[in-house]
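Asker: One line per chain: the protein sequences are A and B, in this order.
First residue of the first sequence: 1, per my numbering; consecutive thereafter.
First residue of the second sequence: 1001, per my numbering; consecutive thereafter.
In case anyone wonders, no lab produced these hints; they're calculated from the structure.
Every residue, glycine too, gets a C-beta built ideally from N, C-alpha and C.
Be a bit skeptical, because a hint or two may be false.
As a list, the in silico EDC-like pairs of lysine to aspartate or glutamate whose alpha-carbon atoms are at most 16 Å apart [said to hold, decoys possible]: (1) A:K68 to B:D1160; (2) B:K1067 to B:D1226; (3) A:K24 to B:D1226; (4) A:K69 to B:D1226; (5) B:K1166 to A:D124.
Cβ-Cβ distance ranges computed for the label pairs, FRET-style [said to hold, decoys possible]: (6) A:E106 to B:V1233: 20 to 30 Å; (7) B:K1159 to A:K36: 22 to 32 Å; (8) A:A165 to B:I1213: 37 to 47 Å; (9) A:E110 to B:K1204: 42 to 52 Å; (10) A:G42 to B:N1027: 33 to 43 Å; (11) A:D83 to B:G1240: 54 to 64 Å; (12) A:P85 to B:G1240: 47 to 57 Å; (13) A:T30 to B:G1035: 50 to 60 Å; (14) B:T1161 to A:K36: 18 to 28 Å; (15) A:G148 to B:S1095: 11 to 21 Å; (16) B:H1200 to A:A163: 34 to 44 Å; (17) B:S1098 to A:L40: 37 to 47 Å.
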Amino acid sequence: MIKSLFLIALSFCLTLNAQAANLKPFTANTPTPALKLTDLHGKHHDLKDYKGKVVLVQFWATYCGPCKKEMPSMNKMRSKMGDTPFKILAVDMGETEAEVKQFVKEVKPEFSILMDESGQSINDWQVFAAPSNFIIDPAGNIRYTLFGGVEWDSDELINKLKALAIN
Amino acid sequence: MNLKTLITFLVVSTVATLSNTSLLFANEVKTIEAGDTEIDIRIFPATGNTLLLGFPCDEGKSIAEEKTARSLAEDGIEVWMPDMLSGFMLPKVRSSLSNITTDALTALIDEATKTGKKVYLIASGPDTELVLRGASNWETLNKNSSLAGAVLMFPRLFKDTPVPGKKPEYKTVVGETKLPILLLEGERTPNRWGINSLSHELQKNGSPVKSKIIPNVRGYFFKRLDANRSEDVVTSQMAGLIKVSLFYLQENNTHD
C-alpha cells in the first residue's frame, strides 16, 4: 500500500514537472511582430535577420526571480542544441544599461541581451509577464509560447526545439 | 498644579485616550444580505466623510491590508472589507471571481452608500473586475447618484492571454462604468506598458481615468514574500498612497 502511494505521488510529481516544461503551441493567426533592438555591446539585431534559425525570444528583467534562476540553463541549452541553427534574443524590459550590466556581471548570460528602454517591443509583443518566451521557427513564425521560468536544458525542450528546425 | 497632580492627570488622560482609540478603531463585523447569500464585512470605522470599500477576495488577511485599513481609519477614512469568498463558499482561486454575483456586489455598494459618506471602491489584480462589475450595475440602478471613484491597483483585466502583434482584449466590463478611476501600476512589471491601452478602454463610457506608476516596485508588492527594500517602504506607506489616490480622484470630481 505504502509503495503504491509512493508511486502515485512520484508519478504526480513527474507529471507536474513535465507540465512545467510544456511549451504552449501558438495558434493565433497573426504575423510575428517586428523586433529590432540593440544589444549591450551596441550590436543591432533584427529578428528578420535570423530567418533559417530557431529563435528563442525572451522578455526578462533583473527584478524577476525566475528569469535569474533559468539563465544558467539557457547557457547550457545553447551547447545542447549542438549544430541546430539556434539563437537566443533576451530582451530586457525597460531597465537601465547600468542595472543590466550589473546583473550580467553576476549571472553571466552567454547570449545576446537586447535593451528596450522605451518599452516599444514590450507593447508590440503584448508582454504581460516576466519571463515571457516565444519560440520562432526558421520561417519566422511564432510556434510556441511559455510564460514563467523553466529549465531550458531539459531533454524534452531541447528535442522539441530541434524538431522545429527540421520541420 | 503640583507634580503629583500633573502625573495623575497625564496617566488618567493617557488611559482615557487609549481606551477611546481602541474603541474608535475596533474591528466591527457587519453581515449584510446580498442576493441569495450573506456577506460579512469587516469595518474599520472612522468619523470622516469618506468610505473606502475594498474587495479583498482573501478576506484581507494580508497583514499589510489590515494595517493599512487601520491607518486609514485613524486618519478619518472608514474602510469596509467584505469577505466575498466565504459568502459564496468559494476557494481562494482566480476562477472564483466569476462566481461572485453582480447582485451581491451591488448590494454591498448600496449598503456603503446608505452611510451618506462619499464611497470609493478599491481592489487589486484580477479582483479589480469586481469593482467595475459592481459599479457598472450600481450606476445602472442609481441613475441620479454617483460613487466618488475607484482605485484599481495593478489591474489585470485581460479577457484572454494577450497575443503578440494584436490589440489587447479586455473583459466586457471594462469601459462600462462612468466612475472616475485611478490606476496604480508598479514600475517593475511589464504591465506598466499596457496602462495607456487599458486607460483608453476604461474611458469608453465616459470614465475620467488617470494612471500613476509607483517607482521601484513590482506588481502585488505588498503581498510578496521576497519584497525588496523599496517594496517594504511602499508597503509601510500604503495608507498614504491610498490617500494620495483619493486626492487625485477628488481633484477629478472638483474639475467636473
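Asker: If a hint holds in the structure, say so; if it does not, say that too.
Answerer: A quick look at each hint next to the structure:
1. A:K68 to B:D1160: Distance of about 27 Å is beyond 16 Å: violated.
2. B:K1067 to B:D1226: Given pair K1067 of chain B, D1226 of chain B is violated - Cα atoms ~19 Å apart, limit 16 Å.
3. A:K24 to B:D1226: Violated, at about 28 Å.
4. A:K69 to B:D1226: 14 Å, holds
5. B:K1166 to A:D124: 8 Å, holds
6. A:E106 to B:V1233: 20 to 30 Å: 24 Å, holds
7. B:K1159 to A:K36: 22 to 32 Å: Once the Cβ atoms are compared, 29 Å apart, the range 22 to 32 Å for K36 of chain A and K1159 of chain B holds.
8. A:A165 to B:I1213: 37 to 47 Å: 41 Å, holds
9. A:E110 to B:K1204: 42 to 52 Å: 47 Å, holds
10. A:G42 to B:N1027: 33 to 43 Å: 58 Å, violated
11. A:D83 to B:G1240: 54 to 64 Å: 58 Å, holds
12. A:P85 to B:G1240: 47 to 57 Å: 54 Å, holds
13. A:T30 to B:G1035: 50 to 60 Å: For G1035 of chain B against T30 of chain A, whose Cβ atoms are near 41 Å apart, the range 50 to 60 Å is violated.
14. B:T1161 to A:K36: 18 to 28 Å: Holds: the Cβ-Cβ distance is about 24 Å, inside 18 to 28 Å.
15. A:G148 to B:S1095: 11 to 21 Å: Given about 18 Å between the Cβ atoms, the range holds.
16. B:H1200 to A:A163: 34 to 44 Å: Cβ of H1200 of chain B to Cβ of A163 of chain A: about 41 Å, so the range 34 to 44 Å holds.
17. B:S1098 to A:L40: 37 to 47 Å: Because 44 Å falls inside the window, the suggested range holds.
The structure is inconsistent with the numbered hints 1, 2, 3, 10, 13, although it conforms to all the rest.
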